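Keeping the supplied structure of chain V fixed, place chain E upon it in accordance with the hints.
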Amino acid sequence: MKKILLSLTALLPLLVLSGCNMVVFEPQGPVARSITDLINWSLIWMLLVVVVVFGLFGYIVWKYRERPENKDYEPPEEHGSTLLEIIWTGIPILIVIALTIPTVKTLYALEEAPKGYEEKEPITIHVTSADWKWIFSYPEQGIETVNYVNIPEDTPVLFKMTSASTMQSFWVPALGGQKYTMPKMETEMYLVADNPGSYDGQNTNFNGRGYADMKFEVLAQTDEKFNEWLADVKETAPKLTESEYDDLLKPTHMGRLTFSNTHLEWVNHADPHSKAYTNPELYRGHGYQGKTFEEEDNYKSNQPNVMENHGQGGHDESEDNHGGDHNEH
Amino acid sequence: MKAKITMEVTIMSIKWDEFFITGDPLILGSQIAIVLTMIGAVAGITYLKKWKYLWTEWLTTVDHKKIGMMYIISAVLMFFRGGMDGLLMKAQTAQPEMGFLDSQHYNEIFTTHGVIMILFMAMPFLIGLMNVVIPLQIGARDVAFPQLNALSFWLFFSGAMLFNISFVIGGSPDAGWTSYFPLAGKEFSPGIGNNFYAVALQIAGIGTLMTGINFIVTILKMRTKGMTLMKMPMFTWTTFVTSILIVAAFPIFTVALALMTFDRLYGTHFFTVSGGGMDMLWANLFWLWGHPEVYIVALPAFGIFSEVISTFSRKSLFGYKSMVFSILGIALLSMVVWVHHFYTMGSGPAVNSFFSITTMAIAIPTGVKMFNWLFTMRKGRIKISSAMLWALAFVPCFVIGGVTGVMLAMGAADYQYHNTLFLVAHFHYVLIPGVVFAVFAGLYYWWPKMFGFMLNEKIGKWHFWLFVIGFNVTFMPMFFLGLNGAVRRAYTYSAESGFAPLFMLSAIGSIILAAGFAVFCYNIYWSIRYADRNISSDPWDARTLEWSTASPVQFYNFAKLQEVKSLDPFWHMKKKNEGLTLYDSEIEEIHMPSNSWLPIYMGVIFGIAGFLLVFEWHIAAALAAIGIFAGLIIRSFDYNEGFHVKKDEIHRIENAWRKTEGEVHDHVS
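From first to last, the protein sequence lines stand for chains V and E. Under the numbering used here, think of the first position of the first sequence as 1, with each following residue one higher. Under the numbering used here, think of the first position of the second sequence as 1, with each following residue one higher.
One chain only, chain V, in its complex shape:
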């Protein structure tokens, strides 16, 4: 037992060391801060539980361990104590209540724009996750970015999230919690950044070979800089075409892209009747390949010209994929 405690204390310095810069404990916005407050509140109670149980455990095991002196000691017949049972049922109930109230409050608060920002007009950004990239569309501004998103500081941003492929999870730990992005469905999340800065975002829900590198950057800027950037994009960035978009959705990694229009013009993947872009041929890997099924709305029936170039185009893709071209590093 002592050794367990020793090994635990040996880990304590590590806790302190890494505690200095653990992203969850360094919130950079009101949303993340409300979660961190909740976590800290729970940590106090949990530490209390740990101290009480560890203390009781150490005391009992040490005091009643078998020793040469007590070889003849015969433990008493004992069946329990109603009073003790009430105590150790009652106190945990109180602790659970103490944790439940702020949890429920926070759960409801997280659904709306954070306190103090209700007045400010939020900007809406559509998030579309694909294999293995993040697409951000600014419908009001009419621009689209891939694998990075710029937001103005101190402004609530409403992310409307969906997926063009599997299920992913959108997470920017410095700014707030995460939520799933799902095909043909829409989830919403508010985030606010206190200060200008760059924050890491990533997918946390496993979605195949390219999962580990499915990351993006959130860049919070001053209003001035943000508007400058918008104007710049409007002026210089190319237009995204439908066929370019089809390519974009293929399972690949890519760097950053910027466009001066959005794909929402022709498809919103949150719409339950939106067209599907899945193509099993692109996901063939090693091992024995099963047969796939043609859906009435799948990739083939959605591409009018697919009959002419499917043989060649599809073949090329699967060949590339076979060689593992997603591996870019």
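The set of hints was computed from the structure by calculation and includes no laboratory data. Computed from a prediction, not measured in an experiment: that's the story for all the values here. Yeah, the Cβ is synthetic: ideal placement off N, Cα and C, and Gly gets one too. Treat the hints loosely; a few may be bogus.
30 angstroms max Cα-Cα, derived DSS-like pairs, lysine-lysine [as the list claims (entries may be wrong)]:
#1 E:Lys-461 - E:Lys-90
#2 E:Lys-15 - V:Lys-250
#3 V:Lys-63 - E:Lys-575
#4 V:Lys-71 - E:Lys-379
#5 V:Lys-71 - E:Lys-221
Residues from chain E that face chain V, not an exhaustive set, calculated with beta carbons under 8 angstroms [said to hold, decoys possible]:
#6 Glu-18
#7 Gly-193
#8 Asn-195
#9 Asp-279
#10 Met-280
#11 Asn-284
#12 Met-370
#13 Pro-396
#14 Thr-420
#15 Phe-480
#16 Asn-484
#17 Tyr-491
#18 Ala-495
Same frame as chain V, now just chain E:
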């Protein structure tokens, strides 16, 4: 990019170059090792002329003790496989940007690690101990349906083998042990790896479901005279409640897997989004089974700790009644918490609040159990044997798992923990102390009952310390990695992330953990070779009925069925010195079930049909399935009534072990 060489070897329209997994030295090595091991095993058994013995004593047995041992042996093998997967993952993440495994290989490994550890290690290990112990604890001569019990084992074994060959033949499943749709569907995983998941788990799951039914009936109908429900040992209680949970939860999994099979094999759209299916339906069904599943493995483990703590503190269990009600409370709550696995799905604050509260509520009965264990030890005389060490280490380690569980239960906070290594650390802190420590405690505790000799206590302590220290060093760093933004299931991470030192520490821990497991295997080897065979049938001075009979237990368990008057019946029998002697007049003929070849036949035919189904060779699979129905028909015309053990034989067997009684060798002091 390397050039793609197109090579198609097609004989009988089977693509053999895809059939066998090629191109990876690790897998090639495994393939060679598997073939050599099989040749070695066949040659060895033939040389020793043990085929007949193997067939009559083990493969066709319906004896609950032998079936239990076969479960345990399979579980130890699967522990090795799952552990190797774990070590490979730790090696790959020991350093940033490591090139040891590519992402596909890593994905397959964490998938099989999860499935094997939960379904083919934890479950069979516990079911094995239940099989050995429960009939003995309730003073019965076998389970209610012995042949069904054998069938359960062979279906589990068949499913486990089918799942395990996937990495050398056909390709491993690679969508995580949860196999969430849409990823696990044909649209995103056209390879047959996930067919292995759907079919192998189905076969093993049917076996588990039958085990659940078998144990409910056994415990309700076969308790010895005087053993009322509230006089049952705690391990029997937990097994009973676990069996109810199995019967409540496994059909959900059976249905979900069947729908998955239809989606993948026949193009239906239950979960396939592009055809109008609901991907989250899979997540809901999976966790409707998956969360009770966690308690299906945790509850019997709690039962083992109760027995071990009570025996080695020389006290009856503190607060027996509240322990029973806690188990029932946990079981009930476990059915209404499944959404906490995906708070982030966006179900809305009302749903998330409800499930946060039910989940946190589980901490209350669990806390009650914890305090009752502590107070069982209080005023006791705690003998720190190997079995007891595992029970002791369980307390602090499980408390860490428990409090982090409460933290994860808080829906809003979970938005920051979800799918990170914090979560991974939490469930390893629950499942390793809660299940693995328990099966080790149970194995050290019941080993002499199973085999008539003990596992070495000194080597046992090495096993214990290496394993427990290794476990903490491996998983403690993951809490901090998770809080710093490290996600689960990622095959690599960048050097700039700053995760490297803690990942390295965790990798070092896993080596210590593996050393602990190696010492455990060595202990089994050492004890088989050298341990003292001349030990008492009650070496721990224990309290329940299984210790009142011979070690190893004679095949009919008890010459005379005991009458029980209180909790801890054997303890009181010893105190009052009554019921320990067997008189000639009490010996009667005993009716026992005969061996049967049907269970292993069904296991094999299910395996063959499953294998063909995995490869989508539907006609061949349908032909093999005729064999399954043939087995069912043969069984319905099976009028074998078993056999009777003659009085003389009982007399001889009982004399043999009762005579040596009294030469007690105390191995623990």
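Handout entry: List of violated hint numbers, smallest to largest
Key = When the structure is compared with the hints, numbers 5, 11, 18 turn out to be violated.
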